[in-house]
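Residue numbers (our numbering), protein chains in the order written: chain A, 1 to 304; chain B, 1 to 304; chain C, 1 to 304; chain D, 1 to 304.
Everything labelled a hint here was simulated from the structure, so no lab data went into it.
Check each hint, because a few of them may be wrong.
Repeated chains share a single entry, so a pair holds when one copy, or any two copies, can fit it.
Claimed, not checked - Straight-line distance between alpha carbons at most 20 Å, and here's what the computed EDC-like set of lysine to aspartate or glutamate pairs gives:
1) Lys225 with Glu293
2) Lys32 with Asp54
3) Lys131 with Asp180
4) Lys225 with Asp245
5) Lys224 with Glu293
6) Lys56 with Glu103
7) Lys183 with Glu159
8) Lys301 with Glu211
9) Lys49 with Glu211
10) Lys37 with Glu293
11) Lys224 with Asp245
12) Lys12 with Asp54
13) Lys178 with Asp245
14) Lys178 with Glu159
15) Lys183 with Asp128
16) Lys22 with Glu269
17) Lys301 with Glu269
18) Lys301 with Asp128
19) Lys22 with Glu211
4 protein chains.
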Amino acid sequence: MLYQQVLQQIFKDIQPLLGQGKVADYIPALAKIDPSKFGMSIHTVSGEKFSIGDAKENFSIQSISKIYTLVLAMAQDNVSIWDRVGREPSGSKFNSLVQLEYESGIPRNPFINAGAHVITDIVNSSYDSPKSAILSLVHKLSQNLTINYDQQVASSEQETGNRNYAMCYFMKSFGNIKNDVYKVLDTYFHQCALAMNCIDLSKSLLFLANEGVMPSTGENIISKKNSDRLNALMLTCGMYDAVGDFAYRIGLPAKSGVGGGIVAIVPGEMSIAVWSPGLSTSGNSLLGTKALELFVNYTGKTIF
Amino acid sequence: MLYQQVLQQIFKDIQPLLGQGKVADYIPALAKIDPSKFGMSIHTVSGEKFSIGDAKENFSIQSISKIYTLVLAMAQDNVSIWDRVGREPSGSKFNSLVQLEYESGIPRNPFINAGAHVITDIVNSSYDSPKSAILSLVHKLSQNLTINYDQQVASSEQETGNRNYAMCYFMKSFGNIKNDVYKVLDTYFHQCALAMNCIDLSKSLLFLANEGVMPSTGENIISKKNSDRLNALMLTCGMYDAVGDFAYRIGLPAKSGVGGGIVAIVPGEMSIAVWSPGLSTSGNSLLGTKALELFVNYTGKTIF
Amino acid sequence: MLYQQVLQQIFKDIQPLLGQGKVADYIPALAKIDPSKFGMSIHTVSGEKFSIGDAKENFSIQSISKIYTLVLAMAQDNVSIWDRVGREPSGSKFNSLVQLEYESGIPRNPFINAGAHVITDIVNSSYDSPKSAILSLVHKLSQNLTINYDQQVASSEQETGNRNYAMCYFMKSFGNIKNDVYKVLDTYFHQCALAMNCIDLSKSLLFLANEGVMPSTGENIISKKNSDRLNALMLTCGMYDAVGDFAYRIGLPAKSGVGGGIVAIVPGEMSIAVWSPGLSTSGNSLLGTKALELFVNYTGKTIF
Amino acid sequence: MLYQQVLQQIFKDIQPLLGQGKVADYIPALAKIDPSKFGMSIHTVSGEKFSIGDAKENFSIQSISKIYTLVLAMAQDNVSIWDRVGREPSGSKFNSLVQLEYESGIPRNPFINAGAHVITDIVNSSYDSPKSAILSLVHKLSQNLTINYDQQVASSEQETGNRNYAMCYFMKSFGNIKNDVYKVLDTYFHQCALAMNCIDLSKSLLFLANEGVMPSTGENIISKKNSDRLNALMLTCGMYDAVGDFAYRIGLPAKSGVGGGIVAIVPGEMSIAVWSPGLSTSGNSLLGTKALELFVNYTGKTIF
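Please model the complete structure; the sequences and the hints are all you need to start from.
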């Protein structure tokens with residue numbers, strides 16, 4: 001089956017399920033999203049691209065942005081990151097403070113909120129204008145200069161972000177946040193509010209399927225070693241508290257966001273982005289996960 | 001580089017490090033092991049085999065045995081296993097009772113002790129003589145009929161097994177152990193006490209690199225789907241509380257035991273067993289992990 | 001108001017509430033108790049006694065028995081008890097294993113189950129026949145030689161006691177249980193199964209209101225200092241996870257059991273026993289607590 | 001022995017121990033205090049007063065201030081306080097976030113930091129100028145109008161208060177802080193920075209030994225019932241994670257602060273304040289606790 005046919009089959013398969021799951025409702029800008037949206041996009045390292053459904057419609061990428069800041073931080077300071085953030089699955093809810101208390105302010109990995117705060121803190125220490133730096137990276141990777149922060153979402157995140165303030169202050173009490181909490185979280189709330197579509201997303205992360213190199217330009221974004229490592233981190237830490245289940249069912253490195261997006265990597269072959277706003281109880285897109293499972297069933301593409 | 005040369009290079013590289021790490025000392029039979037032992041063995045799906053060092057010397061495989069019982073349980077009852085055991089990384093020590101308390105007696109995955117108790121409980125419900133059933137499977141997979149339980153180790157495990165009794169009774173209090181605790185743990189302590197060498201181990205688990213089929217006999221041990229799933233479970237849950245670090249550095253599905261053994265799978269290609277008794281603080285073989293990292297560096301074999 | 005009148009008023013007040021609360025149902029022998037039972041008894045240090053309702057009907061004293069074993073242990077070994085058991089409120093459920101894990105097998109106080117196991121372990125080390133020793137103490141204190149263990153309750157406790165086995169094995173894994181777990185818990189399940197009535201109970205614990213001396217015989221059971229300390233332990237640890245609420249509302253040292261009994265001490269004046277099988281969510285007798293609150297309201301007797 | 005003689009004897013007894021314990025050093029203003037300071041003061045309900053040592057020297061009362069804000073909050077809103085704060089001992093460190101996470105943002109009692117934040121939040125909702133309201137109460141109770149906030153301490157508290165910010169934001173994420181976090185903590189950091197001496201302290205809290213009435217003026221500060229309750233809260237929650245030990249050894253309601261002060265109440269008789277900056281590992285004044293233990297030994301005054 002050709003990939004476009006695979007996407008069409010998946011699109012057909014998930015029609016009866018559209019609207020399932022629970023749309024994130026902690027901010028109005030997310031709560032109002034139509035739960036029946038569904039888009040999917042594939043970019044291959046050989047230059048092909050495929051998409052279906054609402055693949056051109058922007059959504060809030062939320063935690064998927066943690067990949068971009070980690071790429072920036074790894075570029076700055078690959079070694080000392082891992083003194084301040086672990087790389088183990090959390091084994092608990094993505095925003096738990098319990099783990100931080102028992103492990104002295106060192107978050108378990110860069111993909112839980114607390115870990116992302118530390119990464120964003122490193123980015124804040126490295127760039128005069130961290131929000132511009134993140135946006136520049138996204139523009140380069142996606143080759144779409146119109147991508148921007150959704151200011152309304154960013155403001156809402158800030159207003160409802162008490163738990164993020166709590167975590168960030170808590171880590172600062174252990175000395176693991178170096179910059180002002182308000183500045184760090186301002187950057188963080190903006191990165192979460194990046195508005196992108198499936199095509200942007202899969203295109204922008206294709207370098208992770210190509211040993212760190214953007215196929216279209218040949219630019220080396222990160223080393224092959226760091227590309228492998230980022231994929232490993234996505235597999236063990238990228239899907240909140242459902243990483244094991246996702247690896248069991250799908251078997252691809254992936255990162256999800258509460259906006260309903262998921263990006264998955266088939267090393268050496270392609271990157272896939274899928275979007276469907278309804279979430280499972282673990283906070284991952286319900287139909288996005290289903291679509292990726294169907295993709296693996298139809299194509300046999302899995303790393304195991 | 002040919003694989004035998006790779007093994008020789010690794011063996012040379014690790015010479016200055018021999019004796020590092022801390023040999024498990026909770027039972028005398030393990031504590032007395034010479035810390036400078038090192039063996040490594042590779043079996044490929046195409047029928048090649050390579051080994052070096054103490055690859056023919058028996059050691060206590062301990063938690064690696066959890067793969068064999070899981071294979072037996074999946075064969076019986078693939079569905080209902082996952083009502084009684086999760087498949088998420090634990091995010092904490094391998095024998096913690098805290099998680100069991102917060103999650104009502106459902107262990108996080110089949111590779112932590114509590115999860116293995118449940119799997120062994122399923123095996124106990126499925127076979128009149130569970131210890132014979134495990135041994136038969138190991139004999140078939142390794143094609144070595146001399147493999148047996150080390151009764152001295154099994155007895156020692158039982159005598160010092162108070163925490164295992166605590167966990168098993170605790171799960172029974174939630175209704176998640178069906179058989180008598182003493183019978184379940186008798187089987188469990190015996191499976192941990194299987195005495196095998198690197199050649200036996202890598203040979204016996206080669207089916208996991210070959211879509212569930214033993215290449216030498218063509219026998220289907222488990223389905224391709226279940227083989228993928230077992231590899232996924234190993235990657236996300238197989239290395240105690242260092243799964244993320246192991247995936248980051250090595251990037252292969254693997255399972256370790258406190259006897260100092262580690263088995264790793266290169267899907268589609270080979271299985272690798274390594275043994276070195278000195279453990280890291282996470283309970284995994286220090287030089288075994290190092291040897292696998294060198295292997296990946298020399299060969300580029302990783303799933304990411 | 002004379003005390004008999006107070007009891008009559010309380011009895012009248014609680015009539016409309018009889019049957020409220022949830023009778024302990026983890027063993028059949030407790031589950032079948034009539035929830036509308038209510039008895040209350042007072043013994044004063046000056047030799048007066050008052051009772052009302054079902055004060056002469058036996059019930060299972062359960063955790064109240066932890067006072068008797070603690071008295072025996074303090075008599076043996078007042079110092080080293082506190083190396084093995086804390087004397088702080090638990091701040092969590094009475095049978096939590098989490099605390100034991102974080103505090104290396106040292107239970108928080110002698111009135112939670114784990115702490116009582118350690119105390120019973122000390123009694124088991126001190127007496128050839130610990131069950132006889134406990135019974136002898138109860139006979140002496142109550143001056144009622146007919147009091148005995150309810151063997152049916154003891155057997156049921158053992159059959160459903162998986163969590164107690166889990167805790168006891170867990171502490172043994174830390175070296176904090178010296179005797180065989182089965183022997184310790186056999187004693188423990190029997191002490192919980194002591195069948196006594198309100199009159200027996202209040203009489204037997206009157207020495208705690210009289211500086212450690214039984215008023216009727218003049219016998220010194222424990223020193224004044226230890227009597228003060230036992231009252232302090234009851235106040236801070238005697239009412240499961242409702243000690244603060246009980247101190248706030250009633251303000252007397254007290255110990256409750258899931259059989260529905262509560263004993264309270266008015267230092268220098270009297271001991272009070274009350275029984276009503278319906279429990280609150282915290283595991284304390286709902287109407288027993290209410291009756292003691294009324295008693296304090298009518299008499300002003302409180303230590304604060 | 002007369003009380004002045006008792007104080008002299010205590011003062012003599014503790015001389016060889018002066019300087020023991022560890023002075024709080026999280027802010028410079030506390031770290032620089034001379035560890036050999038020791039003062040003690042008694043006020044009786046019959047109007048007598050006794051003091052010794054450095055009883056007239058001001059120190060930072062820190063957590064003892066939680067009594068004053070609780071008195072203000074109880075005056076406003078006795079009922080709804082207990083929907084937002086528990087009254088159970090914490091069973092863990094005084095500034096743990098773990099408990100808040102497991103109990104949905106409801107702190108265990110008003111004397112741990114998180115609980116005091118909620119109480120101060122209530123005071124902030126009740127008074128236009130909460131800092132003035134607290135100061136007015138302290139002036140009235142101590143009859144010393146010179147008492148004031150130590151602004152240097154208050155500023156230092158704010159600068160190092162990241163964990164307090166973390167807790168307060170965390171509770172706000174559960175909806176249990178109504179006012180702006182910065183305003184609530186500004187009040188909180190000031191109340192902690194109240195500079196008072198032993199004489200002020202014991203005088204100001206004498207109403208707790210006199211059924212809620214200031215003996216010198218006859219003014220009713222709180223009802224007898226609430227006075228009993230405050231004493232009960234002090235006994236079960238007033239000494240951080242050493243309430244059980246303190247009740248066991250001393251047996252009086254008390255509240256301590258990391259500045260080295262402790263206030264204890266003998267209901268119906270007197271209030272006692274003691275100050276010695278060296279702290280035990282539980283955060284309570286080491287010699288202050290010792291002095292109160294000696295007081296109880298010499299006088300037999302205990303509530304049990």
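Each hint tested on the structure:
Taking identical chains as interchangeable, the C-alpha atoms of Lys225 and Glu293 lie at most 20 Å apart only when they sit on different chains, with a minimum of 12 Å there against 27 Å within one chain. In the homo-oligomer, the alpha carbons of Lys32 and Asp54 lie at most 20 Å apart inside one protomer (16 Å), although the nearest pairing across protomers, at 62 Å, exceeds that limit. Proximity of Lys131 and Asp180 under a CA criterion of 20 Å is satisfied intra-copy only: 15 Å inside one chain copy versus 27 Å between copies. Taking identical chains as interchangeable, the C-alpha atoms of Lys225 and Asp245 lie at most 20 Å apart only when they sit on different chains, with a minimum of 14 Å there against 26 Å within one chain.
In this homomeric assembly, Lys224 and Glu293 come within 20 Å of each other (Cα to Cα) only across copies, at 15 Å, whereas the closest approach inside a single copy is 27 Å. Neither within a single protomer nor between protomers do Lys56 and Glu103 lie at most 20 Å apart by alpha-carbon distance, with minima of 42 Å and 41 Å respectively. Taking CA atoms no more than 20 Å apart as the test, Lys183 paired with Glu159 passes in both settings, with 14 Å inside one copy and 17 Å between copies. Proximity of Lys301 to Glu211 under the C-alpha cut-off of 20 Å is found in both arrangements, the shortest distances being 18 Å within a copy and 13 Å between copies.
In this assembly of identical chains, Lys49 and Glu211 lie within 20 Å of each other by CA distance solely inside one copy; the values are 19 Å within and 30 Å between copies. Proximity of Lys37 to Glu293 under the C-alpha cut-off of 20 Å is restricted to the intra-copy arrangement: shortest distance 18 Å within a copy versus 43 Å between copies. Taking identical chains as interchangeable, the C-alpha atoms of Lys224 and Asp245 lie at most 20 Å apart only when they sit on different chains, with a minimum of 17 Å there against 27 Å within one chain. When the C-alpha separation of Lys12 and Asp54 is checked against a cutoff of 20 Å, the pair qualifies only within one copy, where the shortest distance is 14 Å, while the shortest distance between copies is 56 Å.
In the homo-oligomer, the alpha carbons of Lys178 and Asp245 never lie at most 20 Å apart, since the shortest distance is 35 Å inside one protomer and 25 Å across protomers. Taking the shortest alpha-carbon separations for Lys178 and Glu159, only the inter-copy value of 14 Å comes in at or below 20 Å, while the best intra-copy value is 23 Å. Proximity of Lys183 to Asp128 under the C-alpha cut-off of 20 Å is restricted to the intra-copy arrangement: shortest distance 12 Å within a copy versus 31 Å between copies. When the C-alpha separation of Lys22 and Glu269 is checked against a cutoff of 20 Å, the pair qualifies neither within a copy, at 32 Å, nor between copies, at 42 Å.
For the homomeric pair Lys301 and Glu269, the shortest alpha-carbon distances inside one copy (9 Å) and between copies (16 Å) are both at most 20 Å. When the C-alpha separation of Lys301 and Asp128 is checked against a cutoff of 20 Å, the pair qualifies neither within a copy, at 42 Å, nor between copies, at 40 Å. Proximity of Lys22 and Glu211 under a CA criterion of 20 Å is satisfied in neither setting, with 36 Å inside one chain copy and 36 Å between copies.
Checked against the numbered hints given earlier, the structure breaks hints 6, 13, 16, 18, 19 and satisfies all the rest.
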